[in-house]
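J.: Residue-level listing of the chains:
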Amino acid sequence: MAGVTVQDLHIAFPLYHASARSLKRAVAAATSNRLREDAQHRVVVNALRGVSFTLQPGDRLGLVGGNGAGKTTLLRALAGIYEPIAGHVVIRGALHTLLDTGLGMNMDLTGRENIGLRGLYAGLERAAIALLEDDVQAFAELGGFLDMPVRTYSSGMLVRLGFALATAIDPQVLLMDEWFLAGDSGFMAKARQRLEALVRKAEILVLSTHNPEVIASWCNRVLWLEQGTVRMDGAPIEVLEAYLGHPVEATEDLLLSA
Amino acid sequence: MMTGTPLTASPTLGAAEPILDLLPDAPARRAGQALNDLNASLHLWRLCWKLGWLDLKLRYRGSILGPFWLTASTGVMVGSMGVIYATLFKMNVRDYLPFLTLSLVIWGFIGGLVGDATTCFTQAAGMIRSMRMPFIVHAIRVVLRNLLVLAHNVVVILAVFAFFRVWPGINAVESLPALLLWLVDGIAACLLLGALGARYRDIGPVVASVMQIIFFITPIIWKPDLITHGRQYLMFNPFYDLIEIVRRPLLGGTPTVMLWSAALGFSLLFCTAASLLFMRVRARLAYWV
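Same order as they appear, the protein sequences are chains Y and L. Following the UniProt record's numbering, the numbering of the first sequence begins with 1 at its first residue and continues without gaps. Following the UniProt record's numbering, the numbering of the second sequence begins with 1 at its first residue and continues without gaps.
None of these hints come from the bench; they were simulated from the model. Computed from a prediction, not measured in an experiment: that's the story for all the values here. One should not assume that every hint holds.
Said to hold, decoys possible - Examples of chain L residues lying across from chain Y (beta carbon under 10 angstroms, computed): (1) 126; (2) 128; (3) 204.
Note that the Cβ used here is the ideal one computed from N, Cα and C, for glycine as well.
Sequences and hints are given; from them, build the entire structure.
T.: And the structure:
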């Protein structure tokens, strides 16, 4: 059974490569309480401060919050990329992440080569990688571009490739940043079908976005992050209303999922 | 419960569900975590190989010769040096040129590997930040990439040896265990220099300068017999020991037990230092790149 448990998670980044010290001091003094100097006089950004939540199969969690609220950092911490400074994270189930637009793809390699690498990363055999290629090809509709360097793709094509790739390997827990919205509307409908099929298999989705409509139609729970802490956690409609500061129009989707 | 295990997204029915259990870094768990990383990396050897191969392929994509440009440029360098030495310095190149070719190719491998090692993790920043992956994968990738470059340059050595009709004979196989030792040291170098290079961005230029000095103080373009006084001190240069255990068998000689012991001793020290550093910084690498 897939599951996500996050207990009192803290993530902090030391800024080693920041330039002038005076500037650092000025910034540290002027901005929020999240920048501070540690014992060795390094500037540290406290990206997440004591975040806790638990997700069950079927949960579709949306992360909202302003720029720098810690949404992407939280996704990376869930993916095991940033190991906790304090606290505890447990993820049960095969995990896939759609974070950067680059998705860890090598922009100079072709789509096919990137699919091959992803397949090898997932520990697939040659035959399984061939199937993966077919599946991604069919879903992403890249045509001849599959054998072109990814660098030559439009952003929409890149999104289609990344989305197809991440969902083709059948993750039980899918972590997604908002960039996937760059797809055209036809693709969004398809993506939605595929994602819903995933979630129907009692899997977990964590999605970070700025767009309330996306949250309203894709998620059944929302976490509002502010300055690295959980400001509010609950049903989409309540959290969104509090976050946006005005009533949200209850769409059909929202009523279905809430 | 396993900690920090890598993720494989191939859920097969009945198979144990992968669990990712992340706790703050603690000294007591570091050795286990590093071993898990090594184990997971070795399981991903096909990925390492593909990454290393694609790196090389990419560098020469679109060119006519492809990776054989490596062979061609080494060939041109050695060929022109041969002509210059023979005509200008009236030197008997029959002895010297096979030695020089072998040494330059060997040094090309060592120098290239050490240089790449400093950017081992920073170069893979995109991958490191987008998915959880064992870190030693990146080290193995760099070593394999350089091994492939070496393989392309071996052609030049064979050509020069054939041209001068020098054959090392059966002794040559003695260089194989030495090459194996190089690969282990190479991974250690990537972990050590890669971690330092991720944390301190000055490491790259510093290492490049140091390697320049080492190139001149190590018998690479000059033969060890050139030193008359203090030849016994050459032993204390780890690069000399490591080069000799590969080079001597390929020139038809046999490395002394002393040489092998020194090479193994230095390697042990180096690998221990690299392991200790890697254990200490593994959990921080993603924050640094």
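J.: None of the hints should be skipped; say for each whether it holds.
T.: Each hint tested on the structure:
| no. | hint | verdict |
| --- | --- | --- |
| 1 | 126 | holds (6 angstroms) |
| 2 | 128 | holds (7 angstroms) |
| 3 | 204 | violated (14 angstroms) |
In summary, the structure is inconsistent with hint 3 from the numbered list given earlier, while agreeing with all the others.
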